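Residue numbers (our numbering), protein chains in the order written: chain A, 16 to 553; chain B, 267 to 360.
Treat the hints as calculated values from the structure; they're not laboratory data.
Some hints here could point you the wrong way.
[Claimed, not checked] Computed list of lysine-lysine pairs in DSS-like fashion (alpha-carbon distance at most 30 Å, straight line):
hint : chain 1 : residue 1 : chain 2 : residue 2
1    : A       : Lys189    : A       : Lys248
2    : A       : Lys287    : A       : Lys500
3    : A       : Lys381    : A       : Lys189
4    : A       : Lys363    : B       : Lys342
5    : A       : Lys287    : A       : Lys45
6    : B       : Lys342    : A       : Lys381
[To be verified] Pairwise CB distance ranges, derived in the manner of DEER restraints:
hint : chain 1 : residue 1 : chain 2 : residue 2 : range
7    : A       : Lys355    : B       : Asp356    : 39 to 47 Å
8    : A       : Thr475    : B       : Asp356    : 23 to 31 Å
9    : A       : Lys436    : B       : Asp297    : 53 to 61 Å
10   : A       : Ala466    : B       : Ile327    : 52 to 60 Å
11   : B       : Gly323    : A       : Thr403    : 27 to 35 Å
[Unchecked claim] Part of the chain A face toward chain B, derived, beta carbon under 8 Å:
hint : residue
12   : Arg63
13   : Phe64
14   : Ala224
15   : Ser225
16   : Ala388
Quantities reported herein were computed from a predicted structural model and do not represent experimental measurements.
Ideal Cβ placement from N, Cα and C applies to all residues, glycine included.
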Amino acid sequence: MADIEADVIIVGSGISGALLAAKLSVAGVKVAILEAGARVDRAEARQRFWNAPIRVPECPYPPTPEANHPISNDPNYWYRQTGPDTFKSTYLKVVGGTTWHWLGTCLRFVPNDFRLRTAHGRGLDWPISYDELEPFYSEAEHEIGVAGDSNESLGSPRSAGYPMPAIPQTFLDKAYARALAGTQYELRATPQARNSVGGNGRPACCGNASCIPICPIGAKYDATVHVSVAEKKGAALHAQTTAARIEIGAEGRVSAVRFKRWDGSEGVARGKVFVLAAHAIETPRLLLHSRSEALPNGVANSSDQVGRNLMDHPTQLSWALSREPVWPYRGPLSTSSIEKFRHGAFRKDRPAMRVEIGNDGWSWPKGAPVSTATELARQGLRGRALDTALREHASRHVRLASQVEQLPDPENRITLDRGEKDMYGVPLPRLAYRLDDYVRAGLAAARAAHAEIFGRLGATGIEHRDAPEGAGHIMGTARMGNDPKGSVVDRNLRSHDHPNLFILGSAVFPTGATANPTLTIAALSLRSCESVKAALTH
Amino acid sequence: LAISTWAPPPSSSPASSRWVRAADLARLAADPGTSAGTLATDIVAAWYSGLYEARGGLATISLASALLWDALDFTKPPGFCGGATGYWADAPLA
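Okay, chain A solo, but in the shape it has when bound (with noise of 0.2 Å):
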């Protein structure tokens, strides 16, 4: 008898396993989700933000021994590091997964970013094409419930309309509009899954200025949306539960999770289909975790491919002081971009890009506009000066961020460390990490960018961060593919070598491309619901 019995084990509640858990109950199938957090309250994790004195995305959602994560703040508290590169992206582990702190833009990919090899002769070709996907892209804007122009494809042909109009751009947007006129700059309305209007029982937007670390009116979409859908339709959702181990049976098929609980108790979930959707970290190290005498390169790994080609969109930030006030620190974090540079006949030389225009001022790079705050008044200004000062610095801070397409790379990946390990037993996640020369291309190319954009502001005062930031996007450490000696999921997202397995999230990119991977991983998790399905039957 197991502890957790159900047709579906789905092992984590972020996006990719709240979307198939709701799309798999709601068609009555009996599912079961291990998510190794707990239940976030969103008002006392608005409360967190407020009372934390290091306002980083996490800080809502702190780590603890029983659901550890990494940290913005310090990159080696649950990682341990072995370079060239420090690898900066993080996760959560709650409820609703990553997309508590998520900036909630919805891009698509573009075409060739399916068929980068044949196109553009770098990384590889997926295993599908856009075209496979597009029906389960319209569906997870639907799902998600996206607002964006729906005349403006973004190199991305649609098939069908955002399911509601567009968050209407900031007045720093019109002002980067207004001095880009005529350059190859052209901004665009950002598509993004927060509500312009209310009506899906959530409601619209209204500009807190905080969707990271956390929007605390729920306009902006989160997984904790799809884990309620699934629940009212039976799915039974077990919080603060951490699988442990897969376990292999007869003819390669995965038999059960093992599992551990905050409280130390342990048991056993079992089903007939077993879907991975823990992220990129914790995916991979889960199955090369349960490694056995008859699979000693671990679970799903007959490729030796599970942890390797970890990718992120290496960012380059930037910021400066415009000549006129634009107004940051209002509205939603960002809400245009300059998306042109996400294709094109140069990605053969250096990888696409994508500049974020930001609406948040200087508060990535410098903590502003509190640090600027305790700044003016140490230079000794007191009183309506050192009002007036605040006031004319901050109203002028813009920042521009451009992530890169990184190739994936065998030898960028996340292995187990030989040392450390959690209160589960699992060892810690050893990343090694190199950004190569194609990046460095690309980052070049991106403080050009940000130069040439500051300048046609007439912004003064520009500085470029040394070195690349994260973006949050972890991406490729179970790769898809047609070979199963190449790749560790099919085209359906089923392992090559257990006939019951499933893994979801963004693990499974061949290639990372340049839009921000959520709404991938929504039209992807959705794709697999028919396979997942059909897996129940045989």
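Place chain B on chain A using the hints.
Below, chain B without anything else, positioned relative to chain A:
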């Protein structure tokens, strides 16, 4: 995108001078004419930022009631509603 990865850089002034010190406060209260080093600046910086240097590191007094938000009358502290959807499309009314 991982916004706000910022963490405070180490201060250039010695730690002992950055604490709002009880003894200095008492001395200042007894004799407002006395010099208490950087105490006045520390206090103004704390009033405006809502942060102060405690012995255990940076600490929060309050985000929302820091004086900087009075100066930045074109916006409000993060995590508070700013107005109707799209208010950000226009220049502030201030």
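Each hint tested on the structure:
1. Using a Cα cut-off of 30 Å, the hinted pair Lys189/A and Lys248/A is violated, with the two alpha carbons roughly 44 Å apart.
2. Simply put, Lys287/A and Lys500/A have alpha-carbon atoms about 26 Å apart, close enough for the 30 Å limit, and the pair holds.
3. Our distance criterion of 30 Å between C-alpha atoms is met by Lys381/A and Lys189/A, whose separation comes to about 24 Å.
4. Restraint check: the Cα-Cα separation between Lys363/A and Lys342/B comes to about 46 Å, which exceeds 30 Å; the hinted pair is violated.
5. For a cut-off of 30 Å, the pair hint linking Lys287/A to Lys45/A stands: about 10 Å separates their Cα positions.
6. Among the hinted pairs, Lys342/B with Lys381/A is consistent with the structure: their alpha-carbon atoms are about 18 Å apart, no more than 30 Å.
7. A C-beta distance of roughly 27 Å is found between Lys355/A and Asp356/B, which places it outside the suggested range of 39 to 47 Å.
8. Between Thr475/A and Asp356/B the beta carbon distance is about 25 Å. The supplied range of 23 to 31 Å therefore holds.
9. For Lys436/A and Asp297/B, the Cβ-Cβ distance of about 59 Å falls inside the hinted range of 53 to 61 Å, so the restraint holds.
10. One distance hint, 52 to 60 Å for the beta-carbon pair Ala466/A and Ile327/B, is violated here, with the actual separation near 39 Å.
11. Distance hint check for Gly323/B and Thr403/A: the Cβ-Cβ separation is about 31 Å, which falls inside the suggested range of 27 to 35 Å.
12. For the restraint placing Arg63/A at the interface with chain B, the shortest Cβ-Cβ distance is roughly 11 Å, beyond the 8 Å limit, so the hint is violated.
13. With its C-beta approaching chain B no nearer than about 6 Å, Phe64/A sits inside the 8 Å limit, and its interface hint holds.
14. This hint holds: Ala224/A has a C-beta 5 Å from the nearest C-beta of chain B, less than the 8 Å allowed.
15. Against a cut-off of 8 Å between C-beta atoms, the interface hint on Ser225/A holds, since the closest Cβ of chain B lies about 4 Å away.
16. The interface hint given for Ala388/A holds, since its Cβ lies 4 Å from the closest Cβ of chain B, which is under the 8 Å cut-off.
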